[in-house]
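Q: According to this note's numbering, the sequence shown holds residues 1 to 647 in order.
Worth flagging that the hints you see were computed from the coordinates, not collected in a lab.
The reader is advised that the hints may include incorrect statements.
When the alpha-carbon atoms are kept at most 30 Å apart in a straight line, the in silico DSBU-like pairs for lysine-lysine are as follows [what the hints assert, rightly or not]:
#, residue 1, residue 2
1, LYS534, LYS27
2, LYS371, LYS35
3, LYS371, LYS361
4, LYS534, LYS517
5, LYS440, LYS45
6, LYS27, LYS597
7, LYS242, LYS269
8, LYS577, LYS27
9, LYS533, LYS510
10, LYS405, LYS441
11, LYS82, LYS361
12, LYS283, LYS269
13, LYS534, LYS82
14, LYS242, LYS517
15, LYS517, LYS371
16, LYS440, LYS484
17, LYS534, LYS253
18, LYS534, LYS480
19, LYS176, LYS484
20, LYS390, LYS405
21, LYS534, LYS631
22, LYS176, LYS534
23, LYS27, LYS101
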Amino acid sequence: MISVDGLTVDFGGFTLFDDISFVVNKKDRIALVGKNGAGKSTMLKIFAGLQPPASGAVTIPKDVTVGYLPQQMKVADGHTVKEEAERAFEHIHALEKEIEKLNNELAERTDYESESYHNLIDRLTRKTEFFQMMGGNNYVADLERTLMGLGFTRSDFSRPTSEFSGGWRMRIELAKLLLARPDVLLLDEPTNHLDIESIQWLENFIATRANAVILVSHDRAFIDNTTFRTIEIELGKIYDYKVRYSDYLALRKERREQQLRAYENQQKKIADTEAFIERFRYKATKAVQVQSRIKQLEKVERIEVDDVDNASLNLKFPPAPRSGSYPVVIEDVARRYGAHVVFEQVTFTINRGDKVAFVGKNGEGKSTLVKCIMDEITYEGKLQLGHNVKTGYFAQNQAQLLDEKLTVFDTIDYVAQGDIRTRIRDILGAFMFGGEASDKKVGVLSGGERSRLAMIRLLLNPVNLLILDEPTNHLDMRSKDVLKSALKEFDGTVIVVSHDREFLDGLVDKVYEFGNKRVTEHLGGIYEFLERKKMESLRELELSTPQKTLPGEGGGQPAPNKLSYEARKELGKAIRKTEKAITEAENKIAGLEKAVKRLEARLATPEEASNASLYNEYSEVKKELSDTMDKWAELTIELEELNTQSS
Numbered sequence: 001m002i003s004v005d006g007l008t009v010d011f012g013g014f015t016l017f018d019d020i021s022f023v024v025n026k027k028d029r030i031a032l033v034g035k036n037g038a039g040k041s042t043m044l045k046i047f048a049g050l051q052p053p054a055s056g057a058v059t060i061p062k063d064v065t066v067g068y069l070p071q072q073m074k075v076a077d078g079h080t081v082k083e084e085a086e087r088a089f090e091h092i093h094a095l096e097k098e099i100e101k102l103n104n105e106l107a108e109r110t111d112y113e114s115e116s117y118h119n120l121i122d123r124l125t126r127k128t129e130f131f132q133m134m135g136g137n138n139y140v141a142d143l144e145r146t147l148m149g150l151g152f153t154r155s156d157f158s159r160p161t162s163e164f165s166g167g168w169r170m171r172i173e174l175a176k177l178l179l180a181r182p183d184v185l186l187l188d189e190p191t192n193h194l195d196i197e198s199i200q201w202l203e204n205f206i207a208t209r210a211n212a213v214i215l216v217s218h219d220r221a222f223i224d225n226t227t228f229r230t231i232e233i234e235l236g237k238i239y240d241y242k243v244r245y246s247d248y249l250a251l252r253k254e255r256r257e258q259q260l261r262a263y264e265n266q267q268k269k270i271a272d273t274e275a276f277i278e279r280f281r282y283k284a285t286k287a288v289q290v291q292s293r294i295k296q297l298e299k300v301e302r303i304e305v306d307d308v309d310n311a312s313l314n315l316k317f318p319p320a321p322r323s324g325s326y327p328v329v330i331e332d333v334a335r336r337y338g339a340h341v342v343f344e345q346v347t348f349t350i351n352r353g354d355k356v357a358f359v360g361k362n363g364e365g366k367s368t369l370v371k372c373i374m375d376e377i378t379y380e381g382k383l384q385l386g387h388n389v390k391t392g393y394f395a396q397n398q399a400q401l402l403d404e405k406l407t408v409f410d411t412i413d414y415v416a417q418g419d420i421r422t423r424i425r426d427i428l429g430a431f432m433f434g435g436e437a438s439d440k441k442v443g444v445l446s447g448g449e450r451s452r453l454a455m456i457r458l459l460l461n462p463v464n465l466l467i468l469d470e471p472t473n474h475l476d477m478r479s480k481d482v483l484k485s486a487l488k489e490f491d492g493t494v495i496v497v498s499h500d501r502e503f504l505d506g507l508v509d510k511v512y513e514f515g516n517k518r519v520t521e522h523l524g525g526i527y528e529f530l531e532r533k534k535m536e537s538l539r540e541l542e543l544s545t546p547q548k549t550l551p552g553e554g555g556g557q558p559a560p561n562k563l564s565y566e567a568r569k570e571l572g573k574a575i576r577k578t579e580k581a582i583t584e585a586e587n588k589i590a591g592l593e594k595a596v597k598r599l600e601a602r603l604a605t606p607e608e609a610s611n612a613s614l615y616n617e618y619s620e621v622k623k624e625l626s627d628t629m630d631k632w633a634e635l636t637i638e639l640e641e642l643n644t645q646s647s
């Protein structure tokens with residue numbers, strides 16, 4: 001679908017891409033990877049037609065549609081959430097008006113036998129069929145399902161977009177993009193503004209309903225679950241791996257070892273040649289050989305090796321004073337904004353040395369409770385920090401507190417203590433401030449760069465309670481490895497608000513789930529929590545909804561049902577039939593998902609990668625999975641409506 005041929009891009013005197021070529025095929029799921037600044041976002045902009053190459057060509061057929069979600073964008077206000085999302089269907093609305101116009105024209109005509117009348121009927125028929133094919137009558141259900149999958153509630157649909165934060169407005173833009181169903185979907189860090197449940201929904205959407213996808217993400221679990229081809233950009237070249245990201249890492253390690261061996265061998269040969277030239281440069285009898293060696297050196301294509309991977313840097317927190325046994329004690333805490341309850345009846349204790357995660361949908365109060373712990377906002381109930389607790393707090397606004405007149409290096413040098421001061425440049429390099437970047441003034445840094453710098457300052461302060469609110473949003477994978485390794489070795493207490501499952505995996509041993517105005521404690525790691533949640537949701541679907549009790553009544557007394565006995569009997573049958581259909585759909589989905597994984601594993605192998613019949617089988621299974629999931633969604637909505645009638 002997209003052909004890249006001899007692409008070269010120069011940027012500020014630096015060659016970003018140097019004569020690279022590759023092809024994007026239908027249904028490809030590609031992860032673009034590489035260091036920050038390697039050119040991943042630039043590649044997406046070129047595909048989106050927003051930036052021209054210096055030379056070479058990117059060829060996209062005219063009938064291929066491209067949808068692009070950048071990291072940052074200006075979003076328009078003036079509409080409700082639903083109205084803004086409906087703009088994805090402007091082509092359908094235009095077609096609907098055209099069909100209405102043709103119908104009106106047809107109704108006014110009386111020349112039933114004329115050729116023009118029959119031509120008009122043909123046009124109307126074609127337009128109507130095309131309208132149906134594009135899902136003209138079903139787009140509202142698709143729109144609502146997509147918005148709810150990305151975390152919006154039905155009550156949000158009628159709210160103006162201006163009431164939402166930048167992160168939520170990015171979700172609206174993502175919804176519009178997904179609803180438009182482009183042939184090629186370009187996503188630049190799509191998970192930065194999503195919670196865990198929305199990320200899982202997006203993973204499922206990409207796996208079952210998207211066409212070709214090219215994405216950039218620092219969320220390893222996300223790209224491993226959504227892509228099966230990995231293109232690495234390194235030193236202006238690309239390396240194309242027909243495998244998932246986790247398999248690419250192993251192959252890349254092998255390639256890097258081979259690259260290093262070839263580089264070392266070449267350096268030895270160059271050194272030997274230069275030594276020969278220097279030794280015999282002034283001997284007339286060796287003049288021919290010397291000139292020959294000089295020409296050989298000029299023709300040598302130098303092997304380049306990317307900078308040393310600083311992810312292996314062993315960064316340790318400085319020693320901190322020992323805190324009391326219970327750094328955080330919370331009893332019956334509530335937070336309200338007027339009549340709106342964020343959470344209430346929150347009670348739990350965090351022990352010394354605990355590493356815990358706060359998770360849940362955005363807006364359920366994770367960051368609010370962190371602010372309560374930091375005593376930044378008022379609350380009801382008892383919240384107490386333990387004896388000798390020294391807190392280190394990272395939030396996005398921490399970046400605004402940095403001194404803009406200092407350089408990056410000086411900002412860290414002023415807080416570093418002991419032998420860590422000898423390794424400041426290594427630490428800065430691990431967090432993408434290598435080379436000249438360490439001499440930049442803080443005042444010229446972007447928001448993301450300031451956040452990373454604030455994170456480094458925090459890592460070097462002696463504290464025993466670390467509270468990190470979305471710490472990985474502006475970190476690349478290597479920086480996240482450094483941070484995660486340091487946190488695992490940290491002997492203090494850690495609270496992390498994060499949607500990054502890979503980052504939380506192996507780091508936290510307890511999960512606090514925020515939802516329905518409550519906070520629920522779950523023992524175990526993040527993947528144990530997610531597995532448990534899936535099982536719970538399935539059990540909830542299998543159970544019929546209990547009857548509601550009247551206000552003020554004790555448990556067990558059913559509310560009076562206005563339906564007749566026969567009507568209740570028929571309704572009960574309908575509920576059981578729908579529940580059975582949902583169970584069958586879930587079983588079918590499970591089987592189809594296994595089939596998809598098996599086929600993807602075969603397609604990832606070199607011998608099967610170009611197997612056309614296998615690819616057709618894969619496409620058919622994916623379509624069946626998508627249809628079944630749509631059916632499951634319709635059945636669950638139907639069950640909700642039936643249970644509401646029975647209440």
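Q: Against this structure, judge whether each hint is valid.
A: Structure-based check of each hint:
1. LYS534 / LYS27: holds, 28 Å
2. LYS371 / LYS35: violated, 34 Å
3. LYS371 / LYS361: holds, 17 Å
4. LYS534 / LYS517: holds, 20 Å
5. LYS440 / LYS45: holds, 26 Å
6. LYS27 / LYS597: holds, 15 Å
7. LYS242 / LYS269: violated, 34 Å
8. LYS577 / LYS27: violated, 36 Å
9. LYS533 / LYS510: holds, 14 Å
10. LYS405 / LYS441: Given that 30 Å is the threshold and the Cα spacing comes to 6 Å, the pair holds.
11. LYS82 / LYS361: holds, 20 Å
12. LYS283 / LYS269: It holds: about 22 Å lies between the C-alpha atoms, which stays within 30 Å.
13. LYS534 / LYS82: Given pair LYS534, LYS82 holds - Cα atoms ~29 Å apart, limit 30 Å.
14. LYS242 / LYS517: violated, 45 Å
15. LYS517 / LYS371: With Cα atoms ~16 Å apart, LYS517 and LYS371 stay inside 30 Å; holds.
16. LYS440 / LYS484: Holds, at about 26 Å.
17. LYS534 / LYS253: violated, 35 Å
18. LYS534 / LYS480: holds, 27 Å
19. LYS176 / LYS484: Given pair LYS176, LYS484 is violated - Cα atoms ~35 Å apart, limit 30 Å.
20. LYS390 / LYS405: holds, 28 Å
21. LYS534 / LYS631: holds, 19 Å
22. LYS176 / LYS534: Holds - the C-alpha atoms of LYS534 and LYS176 are around 28 Å apart, at most 30 Å.
23. LYS27 / LYS101: Violated, at about 37 Å.
When each numbered hint is compared with the structure, violations occur for hints 2, 7, 8, 14, 17, 19 and 23.
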